[in-house]
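Note that the protein sequences, when read in sequence, are chains A and B.
Each residue of the first sequence is one higher than the last, beginning at 1 in our numbering.
Each residue of the second sequence is one higher than the last, beginning at 1 in our numbering.
Keep in mind the hints are simulated off the structure, nothing from the lab.
Do not take every clue at face value.
Reference listing, derived: stretches of chain B covered by chain A, where coverage requires no fewer than 3 residues with Cβ under 8 Å from a Cβ of chain A [stated by the list, open to error]:
no., stretch
1, 94-100
2, 105-118
3, 299-311
Calculated lysine-lysine pairs in the DSS-like style (CA-CA distance at most 25 Å, straight line) [to be verified]:
no., chain 1, residue 1, chain 2, residue 2
4, B, Lys149, B, Lys162
5, B, Lys278, B, Lys259
6, B, Lys173, B, Lys42
7, A, Lys264, B, Lys152
8, B, Lys217, B, Lys154
9, B, Lys310, A, Lys184
10, B, Lys42, B, Lys152
11, A, Lys264, B, Lys173
12, B, Lys191, B, Lys39
Heads up, the beta-carbon is just placed ideally off N, CA and C, and yes, glycines get one too.
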Amino acid sequence: MTDEELIWRISGGSGDGIASTSQNFAKALMRSGLNVFTHRHYPSRIRGGHTYTEIRAAAEPVKSRGDGYNFLLALGDSFARNPQEEALYGNEEIKPLSENLDELREGGVIVYDAGLLDTSEIPDFDERAEENGWHVYPLDLRGLAREQGREVMRNTAGVGATCALIGMELSYVEELMRDAMPEKILDPNLEILNIAYEQVIDEHDVDAHDVQIPTGEHESDQLLMSGSDAIAYGAIDEGCRFIAGYPMTPWTEVFTIMSQNLPKLGGISEQVEDEIAAAALAVGASHAGVKAMSGSSGGGFALMSEPLGLAEMTETPVVLLEAMRAGPSTGMPTKPEQSDLEHVLYTSQGDSQRVVLAPGTVEEAYEQSRLAFRIAYEYQIPVVLLYDQKLGGELMNVPRDAFDREPNPELYHTLTEEELPEQPHSADGKFHRYQHDVENGVSPRSLPGQQGGRYLASGNEHDPTGHISESPDNRVAQIDRRAEKLAAIRADLDTESTQSHHGPEEADYGIMTFGSQQGTVEEAVDVLNAAGHSVKSLGVSDMLPFPSEEVEAFIESVDEVLVVEMTASGQFRGLVQKNLGRHGEKLSSLLKYNGNPFEPAEIVDGFEAVIIEDGTDDPAHQTTFVPAAGD
Amino acid sequence: MSAFSAINEEREIDRDEYTPSVEPQPTWCPGCGDFSVLKALKQALPEVGRTPEETLLCTGIGCSGKLNSYLDTYGFHTLHGRSLPVARAAKLANPGLEVIAAGGDGDGYGIGAGHFIHSARENHDMTYIVFNNEIFGLTKGQTSPTSPKGHKSKTQPSGSAKQPLKPLSLALKAGASYVARTAAVNPNQAKEILIEAIEHDGFAHVDFLTQCPTWNKDARQYVPYIDVNDSDEYDFDRTDSVEAAQMMHETEQALHEGKVLTGRYYVDEDRPSYGQEKRALGEMPEEPLAERYWDDDYEWERSYDLFLDKHA
């Protein structure tokens, strides 16, 4: 974390172009040499409803949203619901301003659209502004935009005003608008950007506050990318050319990116009747010899339980995504949570065998999407890539070099027609697809249409030819062989750890987390060490098979561990204890399940309150503490 | 050179090639209609010139799901009701395969009804055989989606309050481009219909009446049957969907009045298959996707070269 940071929040109504405006501005900040990280907050509504996007920009690396923010651009909500119904919805018109005041830091800047928002409707606004030292700039952005002919351009006017107030050159924004906007709307937008900029410089004291754009420089080319982008690109680079799906937030993002790109690569995307079909199609395509994937979010993934089990039993390689959102049931569709962990680990009947990976950052999302395909095809097993609305949707800068890798269309352990005759066959020519004694438990496969490779794939327990068998000896041999694959995968994954270690090697305390909270935990660790504590962190990605040795070593190296996760029931801590069978007395939980991801300060506060017990108040901001066993 | 040389291989095919050595004798009950489906398939496949190794038979769960234990081709014994999505994808991945899906009435018209409707709607180039015995057999005699109204079973002790589902009408309305009904007791017609269905370039739905002598003793043995295409009593144009719908309606009513009507009900030779539609849109490659993974000269695309500039 750094003192020199801009955390710019743009707020308005859902459907007002907040997302595209903020994405362009984030990219302009990145191009100016800064590291950026965005955080989205939006309702499950087509139009209207308060929404904001926050961009954190600093010369130092940023891995997370920040603690609060220091610049608010409040636009109106064009689709606010009828003010007559205020008792039900609150005053939606004023929410872009009123809903965002609590987290604005002292000395922060407020620019609001005076054409749409009236601060007199907000109780105690002036008093709060004075108390907190906020610098308030009412600007008639809508009026400006109207003069230029299009009211929607008030977003651009707001960006122009922002640049004037933080001392940012317009050139980065202008260049970006030239790249992103169609010609028809480009000129009026450039004009309004400049008018707003000049007007603020001329008419306001832009130096009255301390919020300035930091200056930075990148060592290499950077890209602004989301976890969803990275997962899709990882799949493409591993030769995945088939996806089947059904829309569901937030998994739809990857499905959309794949559907737009696969046809250009001679691949196939199928939007189908439901998630059972989607996963079954991925299994069918992979069975026929194409690298395939599907995915969904909580409820949709529940429907995939049966095809997931079928892939396990028939040893069909497939990658499934699970983009978590707050549950149970429909839950909160646009809010992040990590509470599908146990669902993904244990769904589907029987002694099931799958791999579950949970990347922690955008770059890891790319790496582990590739890893998921490699493991799935090399070991003929379904791999679930577990992420959430936060990692999927937030944008951050990643080095372009991270993607400069060779494509890998390898199918692994798939026989050619030349190799098939050397393999065991029954007298009638049936290929022994599921041989008992094979290295790492992986029995090579044939593909339909190959000469000399015919066999039966079956969800029933089967003998080496694939025929249904209830023989006890065969049953034990097949179950043990399939289990052997997981042990081999664990050994394979251990050759290059996907876990993220952060902080000093020797430390008194540890913080553990998984998936998308990793960056936030690492920022908190830096703050804690800077404050004189001795803390390190472990962000775990391998959920199944679990990296027991690595986690055990981490826990044993410290006195106490705080386990941070976005669940209400401590699912990740439970997983750690299930795998290690001990250390219950060392592990406390810090949980958050109110629909918002952790901020670094919440982890810092939580750590100081419950691990150090320094008298800091109990965790604030609706986080929950669960003590270690025996405490 | 193809990595799948069984596909489109020209050679004489012996009917015995389809009989496996592992389980040559099916475990179906004596007198079961399922034997007729197996026999008709063994006759139809050599006749249309498709070998065991260019054929993929995807089945559901139930007595019918055992079909690919007794038919020696590539097989995928999937899940209850899910043979169609697996089969569809295999066909998209490698269109040269002869893909056949099969299951029972509970499988296809009950738990898998959504897949049936959508597969028909999309007109995938495949054959879908539904073993329709109007009962759940393998689970021992429960009422199925095609059981007649009033049918009593252990799970519907007072008799079913539901109208039976009308599979032919449903297939037509959903968009299947070939719809037929045959019966186990009519082996010649069954073979001929399966040949037509396999050769048809689109979704061919065959409702195959398969008597269950064990659990549906009340049901007719589907005799005597009348072939609506041969009978002077019936006259309709099976390329006309309105006339076809009328004939299907009459057939589905008649079944529960003791009259077994069978035959070809609807054929649309002009409608493009799903693969053709997708290729026309540029959403499916001309060459089978499954071949690409074996093409050493293919230059696999990567995101680094294609997609990153818009993120810069």
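Status of each hint after checking the structure:
Counting residues of the stretch 94-100 of chain B whose beta-carbon sits less than 8 Å from any beta-carbon of chain A gives 3, enough to reach three: the coverage restraint holds. A count of 4 residues in the stretch 105-118 of chain B with a Cβ less than 8 Å from any Cβ of chain A is obtained; the coverage claim is therefore met, three being the minimum. Requiring three or more residues with a Cβ within less than 8 Å of a Cβ of chain A, the coverage given for the stretch 299-311 of chain B holds, as 9 such residues are present. For the given pair, lysine 149(B) sits about 5 Å from lysine 162(B) by alpha-carbon distance, which is consistent with the 25 Å threshold.
Among the hinted pairs, lysine 278(B) with lysine 259(B) is inconsistent with the structure: their alpha-carbon atoms are about 42 Å apart, more than 25 Å. Pair hint lysine 173(B) plus lysine 42(B) does not hold up; C-alpha atoms about 30 Å apart against a cutoff of 25 Å. Between lysine 264(A) and lysine 152(B) the alpha-carbon distance is near 55 Å, which puts this suggested pair outside the 25 Å criterion. Taking the CA atoms of lysine 217(B) and lysine 154(B), the gap is near 14 Å; set against the 25 Å cutoff, the hint holds.
Between lysine 310(B) and lysine 184(A) the CA atoms are separated by roughly 20 Å; this keeps the pair inside 25 Å, and the hint holds. A hinted pair counts as satisfied when its Cα atoms are at most 25 Å apart, and lysine 42(B) with lysine 152(B) does not qualify at roughly 35 Å. Proposed proximity of lysine 264(A) and lysine 173(B) is contradicted: the alpha carbons are some 33 Å apart, above 25 Å. With a CA separation close to 8 Å, the supplied pair lysine 191(B) and lysine 39(B) stays within the 25 Å bound.
Hint violations for this structure: numbers 5, 6, 7, 10, 11, all remaining hints satisfied.
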